[in-house]
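*Asks:* The chain contents come next:
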Amino acid sequence: MVDFPIQDILRHLLLAARWTIVLSLIAFAGGGLVGLALLVARIARPRLGGWLVGGYVQLFQGTPLLMQLFLAYFGLGLFGIKVSAWVAAGLALTLYSSAFLTEIWRGCINAVPRGQWEASASLALSLPEQLRWVIGPQALRIAVPPTAGFMVQLIKGTALASVIGFVELTRTGSMIANATFRPFLVYSLVALMYFALCWPLSAWSRRLERNLNVAR
Amino acid sequence: MSHADPSAAPVVRITGLRKRFGENEVLKGIDLQVAPGEVIAIIGRSGSGKSTLLRCINGLETFDSGSLAVGGQPLAHGDAKAMRALRQQVGMVFQSFNLFPHLSAGRNVMLAPTLVKKLPHDAAQALAQELLVRVGLGEKFDAMPDQLSGGQQQRVAIARALAMAPAVLLCDEITSALDPELVGEVLRVVESLAAQGMTMMMVTHEMAFARKVSHRIVFMHAGRIHEIGPAQSLFDNPSTPELKQFLSAIDR
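If you're matching them up, the sequences are chains A and B in order.
Numbering-wise, this note's numbering puts 47 at position 8 of the first sequence, and it's gapless, one number per residue.
Numbering-wise, this note's numbering puts 88 at position 93 of the second sequence, and it's gapless, one number per residue.
Among the clues, some could well be false.
Said to hold, decoys possible - Across the chosen pairs, the derived CB separations fall in these ranges: (1) B:Asp59 x A:Gly88: 47 to 55 Å; (2) B:Arg13 x A:Ser165: 45 to 53 Å; (3) A:Asn149 x B:Asp59: 54 to 62 Å; (4) B:Ala190 x A:Trp90: 50 to 58 Å; (5) B:Asp117 x A:Leu49: 53 to 61 Å; (6) A:Lys195 x B:Gly17: 44 to 52 Å.
As the list claims (entries may be wrong) - Examples of chain A residues toward chain B, derived with CB under 7 Å: (7) Ala68; (8) Glu157; (9) Ala158; (10) Ser161; (11) Glu168; (12) Leu170; (13) Gln177; (14) Leu179; (15) Ala182.
It is worth saying that the hints were derived from the structure and are not from the lab.
Every residue, glycine too, gets a C-beta built ideally from N, C-alpha and C.
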């Protein structure tokens, strides 16, 4: 057994937490952008867009993220496309989160009363203007809690990327636990670090929600 | 009551308008022309098609056959540019106000002129202030909708519709959601607009008011214009049993 002082354990876990953060940010940004594009496609072309995006959402919501990660990593390899764990994890998490976010946001848009669409339409606003100035700001306020809730899920979901060899917080934790034979200590520290990432997000979301309510 | 000029080209021209929701035909061939400066009150039982007719005029509802033109401009569904041009000619005030809750009263009024007419910020602000004064809310520019009473919200909604300088103003039961003591302030604004020569079509249950400000009354029944004519003759000498029945039912 290697002698591993707790400072070293902490240092390694903190360094690994960087990659959890980076992967989460990629998934937020990628998923947010793709999700927004899907949302617009759905609103602009309710029939065709709604059908296609609906299928996409069902596909990614109805299969485990773990399978999506495997398929992105090994599946692309079968087609001769060599992907790193980074690309596979980033891609799978982006697709996964875009499906959830577009569905969450569609619900928020639908929660804006129909009268708001009618009033803005009868003022001759175009669809983009309606979305940008009337519907969007109201949907945004509704969207904060569920979006933040999903982001918290997503941060924890990045742990699954460890199965395709992506060395983030969870993977580093299990490697250190194996080397030190102190799994309880190590996994407790890992859990604390996830908490330290997720809790500020929830707190920030609560504050944002309050501020948006005041600014209404 | 201001003078309407029936010889001038009509502001709204509706010809053979038909509309069905599935099996149910709600408009069975409507013909109606509205002269500049004319005030038309549309009355009738619920389900008679009066709100649907109004909502067809600015394209909130599509119709199946017939034609509809505002200011000589035909309504063409699916043509976004034509719809945008037409809707600038048609203002609408709703039963449930539908103010934008995230914008102040003034911003509600400024939004469409800024976006659609590309009015500079200062000019739009001055216009909004002027219109709020006109509906008796000059002090409320910065008030948020939820800080206003129902009557005040509806008056902001009227100012918002007027900001686009529409050729015709559609009012869809605009006092039906108000507490009784707030109805008067909204009707006074509508009355002053009528006196200033605004062309208006209003669906209303306020019969006394309809009689006072309207040039013509349209009585709708079962998807058709059942009776049409000046307020006096329609209310005092209804010629169909349906209108007689309707008037006696609401008189009680």
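*Asks:* Against the earlier hints, flag every one the structure doesn't satisfy and list their numbers going up.
*Replies:* Per hint list: 1, 2, 3, 7, 12, 14, 15 violated.
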